[in-house]
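Whenever a hint applies, use it, and build me the whole structure from the sequences.
The listed protein sequences derive, respectively, from chains U and V. Counting from 1, position 30 in the first sequence corresponds to residue 30 in my numbering; the numbering is continuous, with no gaps. Counting from 1, position 21 in the second sequence corresponds to residue 21 in my numbering; the numbering is continuous, with no gaps.
Calculated directly from the structure, the hints in this document are not laboratory data. Everything numeric in this text was worked out from a predicted model, so none of it was measured. Every residue gets a Cβ at the ideal spot worked out from N, C-alpha and C, and that includes glycine. Heads up, a few of these hints could be off.
Keeping only pairs whose Cα atoms sit at most 25 Å apart, straight-line, the calculated DSS-like set for lysine-lysine is [what the hints assert, rightly or not]:
{"hint": "1", "chain 1": "V", "residue 1": "LYS54", "chain 2": "U", "residue 2": "LYS202"}
{"hint": "2", "chain 1": "U", "residue 1": "LYS142", "chain 2": "U", "residue 2": "LYS104"}
{"hint": "3", "chain 1": "U", "residue 1": "LYS137", "chain 2": "U", "residue 2": "LYS154"}
{"hint": "4", "chain 1": "U", "residue 1": "LYS21", "chain 2": "U", "residue 2": "LYS7"}
{"hint": "5", "chain 1": "U", "residue 1": "LYS202", "chain 2": "V", "residue 2": "LYS22"}
{"hint": "6", "chain 1": "U", "residue 1": "LYS154", "chain 2": "U", "residue 2": "LYS17"}
To give an idea of the interface, some chain V residues facing chain U are shown, with a C-beta separation under 8 Å as derived from the structure [stated by the list, open to error]:
{"hint": "7", "residue": "ASP107"}
{"hint": "8", "residue": "PRO114"}
{"hint": "9", "residue": "ALA116"}
{"hint": "10", "residue": "LEU165"}
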Amino acid sequence: MIVAKQKPIEEIIEEVKDSKKLLILGCNECVTVCEAGGKKEVAVLASALRMYFMNKGQEITIDEHTLERQCDHEYLEEIRGNIDQYDAVLSLACGVGVQFMAEKYFNIPILPGVDTCFMGATEERGVWSERCQGCGKCVLAKTGGICPVSRCAKRLFNGPCGGSTKGHCEINKDVVCGWQLIIDRLKELGKLDDYETLAPIKDWSTERAGGPRKVVREDLQA
Amino acid sequence: MPLQKKIKSGDFVVLGEFEPPKGVDFAPFLKNANQVKGRVDALVVPEMGNAVLKASSLGGCAMLQEAGVETVFQVCCRDRNRLALQADLLSASALGIRNVVVTAGEDIRFGDHPQARAVNDLDVIGLLETLQKLQGGKDLAGIELKGSPTYFMGSTIDTSTPGGLLEIELDSLKKKIDLGVEYIITNPVFDTRRFQQFVKRVDTTQVAIIPTVLLLKSAGMARYIDRNIKGTSIPSEIITGIQKAPDKVQECIAIAARITAQLKEMGMAGVLISTVGWEDRLPQILDEAKLS
Ligand code: SF4
Ligand code: SF4
Numbered sequence: 001m002i003v004a005k006q007k008p009i010e011e012i013i014e015e016v017k018d019s020k021k022l023l024i025l026g027c028n029e030c031v032t033v034c035e036a037g038g039k040k041e042v043a044v045l046a047s048a049l050r051m052y053f054m055n056k057g058q059e060i061t062i063d064e065h066t067l068e069r070q071c072d073h074e075y076l077e078e079i080r081g082n083i084d085q086y087d088a089v090l091s092l093a094c095g096v097g098v099q100f101m102a103e104k105y106f107n108i109p110i111l112p113g114v115d116t117c118f119m120g121a122t123e124e125r126g127v128w129s130e131r132c133q134g135c136g137k138c139v140l141a142k143t144g145g146i147c148p149v150s151r152c153a154k155r156l157f158n159g160p161c162g163g164s165t166k167g168h169c170e171i172n173k174d175v176v177c178g179w180q181l182i183i184d185r186l187k188e189l190g191k192l193d194d195y196e197t198l199a200p201i202k203d204w205s206t207e208r209a210g211g212p213r214k215v216v217r218e219d220l221q222a
Numbered sequence: 001m002p003l004q005k006k007i008k009s010g011d012f013v014v015l016g017e018f019e020p021p022k023g024v025d026f027a028p029f030l031k032n033a034n035q036v037k038g039r040v041d042a043l044v045v046p047e048m049g050n051a052v053l054k055a056s057s058l059g060g061c062a063m064l065q066e067a068g069v070e071t072v073f074q075v076c077c078r079d080r081n082r083l084a085l086q087a088d089l090l091s092a093s094a095l096g097i098r099n100v101v102v103t104a105g106e107d108i109r110f111g112d113h114p115q116a117r118a119v120n121d122l123d124v125i126g127l128l129e130t131l132q133k134l135q136g137g138k139d140l141a142g143i144e145l146k147g148s149p150t151y152f153m154g155s156t157i158d159t160s161t162p163g164g165l166l167e168i169e170l171d172s173l174k175k176k177i178d179l180g181v182e183y184i185i186t187n188p189v190f191d192t193r194r195f196q197q198f199v200k201r202v203d204t205t206q207v208a209i210i211p212t213v214l215l216l217k218s219a220g221m222a223r224y225i226d227r228n229i230k231g232t233s234i235p236s237e238i239i240t241g242i243q244k245a246p247d248k249v250q251e252c253i254a255i256a257a258r259i260t261a262q263l264k265e266m267g268m269a270g271v272l273i274s275t276v277g278w279e280d281r282l283p284q285i286l287d288e289a290k291l292s
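Set out below in structure tokens:
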């Protein structure tokens, strides 16, 4: 899933301070799972902002709503009927949702309430970590199912650097060495031969080198 | 006279574009440079134009400086992060290179290594700020330098962008001037009358305009540019002129010389003559354009 975290409240206040009627819009998918922008976070943030502006003696109406997804035309259409009454929307969806909203509702400022961080997994409640950077050409088959792009600090493709100590990465000893994980798993799978073969030089054209990316499936297009 | 001084004095400057080799044989590069030494004010060394791998601008500049030719070092955002850019800029200064032109660089997908990862850590504006910082004696992290560089800062501009986009180019030019850009090199000019329209919109007391004169090599090349390069049109007389000429190469040289002379006449600060592989013909263009 996409992992995000809520922006510092001061930054959010700065974004919405000129609004008279604000909609805080949550998303029921990834940001709900990582507890950054779901229904619950919308409610908590709305009351914090109401409190703040009330103390300042500033009048502002803050409404709350959470959509099933903000990256889908169908769900975004749900609010078309009543969006015009707001002078701004604070979206707690990831950057994709914020932009998709902004594309659809072109004349209303759509402001981000979270910082979108990475594609990752929930390790335990309150801990999320990165697993994939969407490089567009997955090498996991050769690397024991562990991604050298997102999990090795140097994005190495041919084994660890000299800085790997006791399974930890040289950039930070709280970070596990991606290559230690790869080797351990290849050993377990009896596939250490994969480690011996040289990885071809990575083709980054499917990452961002080729500009903004798109997946088109003609068979699915209407 | 150093380039900066000459531009400031209002004298017409002549720059040549010298692309470093794809490989390590710099002999023709240096031979051609020696032929124009003393006849051009400086040689501009592109940094992998069109994202095609070549030896670097810094390398080419270092070779030329050593041979006693003033150079213009091209720094490009595409391939280097802020560490590498600053490192090269410091080295350049220590090698005696003062003239720096910053560019964004064409996208990697247009070049010969489309699998490469683009860097674009800084944009052109950020890179100019970096130059300012270095000149002020500190690096981007705010740490004091041992000896600070001085640069004569330039940039590029695309004058052929249509309508609204040109506004954007001009807005960005203002920002560049505020950040210390003193000269801008344009895309190739073939239609001087149309180019004049662009010149009118720039305050030339603030920034020197150096148009590029591109040496055409054939009528086919001219037609290709005319049809395929957005915003660039080549007057039909030029194309038919090449077609009809008994000595086509001579005609191409004459065209470049003529445009150069016209731009001088128009009061431009100078020209950059780009000969794309025909650097050995640069002296002939200079002769025809009656540039010493
Ligand atoms: S190799 Fe690429 S696609 Fe596969 S997990 Fe890593 S970043 Fe994601
Ligand atoms: S220590 Fe491991 S994870 Fe860190 S950079 Fe080196 S190989 Fe990559």
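Problem - Hinted pair LYS21 (chain U) and LYS7 (chain U), Cα distance within 25 Å - result: Within the cut-off at roughly 20 Å; holds.
Handout entry: Residue hint ALA116 (chain V), partner chain U, criterion CB-CB below 8 Å
Key = holds (6 Å)
Handout entry: Minimum beta-carbon distance criterion (8 Å), PRO114 (chain V) to chain U
Key = holds (5 Å)
Exercise for the section: Compare the distance between the alpha carbons of LYS202 (chain U) and LYS22 (chain V) with 25 Å, and conclude whether the hinted pair is satisfied. Expected result: Within the cut-off at roughly 23 Å; holds.
Practice task
Please work out if LYS154 (chain U) and LYS17 (chain U) have their alpha carbons no farther apart than 25 Å.
Solution key: Violated, at about 41 Å.
Exercise for the section: Would you check the hint for LYS142 (chain U) and LYS104 (chain U), treating anything up to 25 Å between C-alpha atoms as holding? Expected result: violated (41 Å)
Exercise for the section: Given the hint that LYS137 (chain U) pairs with LYS154 (chain U), test it: the Cα-Cα distance must not exceed 25 Å. Expected result: holds (18 Å)
Handout entry: Proposed interface contact between LEU165 (chain V) and chain U, which counts if any beta carbon pair is under 8 Å
Key = violated (18 Å)
Handout entry: chain U contact restraint for ASP107 (chain V) - C-beta distance below 8 Å
Key = holds (7 Å)
Problem - Restraint check for LYS54 (chain V) with LYS202 (chain U), where alpha carbons must lie at most 25 Å apart - result: holds (21 Å)
Going through the hint list in order, the structure does not satisfy hints 2, 6, 10.
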